[in-house]
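Taken in order, these protein sequences are the chains called A and B.
Just so we're aligned, residue 1 is where the first sequence starts under this note's numbering, counting upward by one.
Just so we're aligned, residue 1001 is where the second sequence starts under this note's numbering, counting upward by one.
Hints are computed from structural coordinates only; laboratory data are not their basis.
Predicted model, so just to flag it, every value in this text is computed and none were measured.
Every residue, glycine too, gets a C-beta built ideally from N, C-alpha and C.
Check each hint, because a few of them may be wrong.
Claimed, not checked - Which residues of chain B face chain A? A few of them, derived with a C-beta cut under 8 Å, are:
#1 Gln1055
#2 Val1059
#3 Leu1122
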Amino acid sequence: MNKRKLNRLFELVRSEPAPVPREDFAADVLRAVHREPPVTAPEALAISDQLIRLFPRLVFAAALVIVLCVAVDFGLTAAGVPGLGDGLAQISAQWLLTPDEFRL
Amino acid sequence: MNSNETVSDDAELLERIRNGATDDFAEIVRRHQSRVFAILHRYERDAHKVEDLAQETFVKAWRALEQFDGRAPFEHWLSRVATRVALDHLRREKRRQNEIRLPELGDDALDWLRSDDEKNELDARSAAELLDLAMRELSPLDRVVITMQEIEGCSVKEICAATGASGVAVRVRALRARGKLRRVLEKLMKDENE
C-alpha cells in the first residue's frame, strides 16, 4: 500500500454521499429539546460575588485559626512552658531586636 | 408566512431562541442537519445510528447554546459538537469492539487493494467500507484526527479546536495514523490472499 494509493482511497471516500435526513428529523429534535430544561444563561460571577459566596467559609477558617492559637497558648501556659507570646518576645529580644550582640 | 423565513442570519435566529422562541431551533436543525449527518457518517456507517448521533449532537448543542459566543460561525461550533459526539461514540464502540461482527470485505475492494493498475477503480461506497474496516484498528482519537485531516480537509487548528489536542499532538497522531492505516491495509490484502 503506497502513499499514492492511500491518498486515492481518501479521495474516493470523500466523494461518498452522506445519508439524507428524514423530512421530520428537525421535528423529532425539537420534541427532544422540549423535554430538556429551558436554556438559561450561565451565572457570571465577579470576584466580589465569589468572595461573598466564600465569606462564611473564610470567616470560619480565620476564627478556627485564632481559637487554635489561643488554645495552644493557654495549654502551654498551664503546662508551665512559656506561652507563645512569651516565647516570641524572648526570641525577638534575644536575636532580632538586639543587633549589638552580634558585634564583635 | 413563517417567521423563520424572514430570519436569514444564524446569529439573529439564535438570539430569538435565547429569548424564548424555542421552536425556532427547528430552523437551525434544518439549516445544518446535512452538514452534521455528513460529519457523523464519516465515523458510523449505519444510517440509523447516524441519525441517533445527529439528534444527540443537536440536543447537546441546545444544552450548550449559551456557550456559543458568536466569534466563529455557528456552523463551525456545531461541527465541533458533532465531532465530539462522534469521538464519544467511537470510544463506546471501541470498548465493545469484541462484540461487534466486522463486515466482510467485498471482492471489488479486494481487487482494488491488490491491483497496481490505476485504471482499476473502486466505487465510493466500497472505498468507504474498506477505509472504515481499516480505521477500526486505530484509536478513536487517531481516527478522528486522520478523518478530519484527510476526508474533511480540516486545518490543524480546526482539529485542535475539535479534539482538544495540541498542534504537535495532532501532527504526530496524523502521521502515525497514516502509517498504521497503510500497514492495516497491507495486512488485509495479505490475509485475504491466504
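Consistency of the hints with the structure:
Given hint, Gln1055 of chain B at the interface with chain A, holds; its Cβ is 6 Å from that chain's nearest Cβ, closer than 8 Å. For the restraint placing Val1059 of chain B at the interface with chain A, the shortest Cβ-Cβ distance is roughly 5 Å, inside the 8 Å limit, so the hint holds. Taking 8 Å as the C-beta cut-off, the interface hint given for Leu1122 of chain B holds, the closest approach to chain A being about 6 Å.
Consistency with the previously given hints is maintained throughout, with no hint failing.
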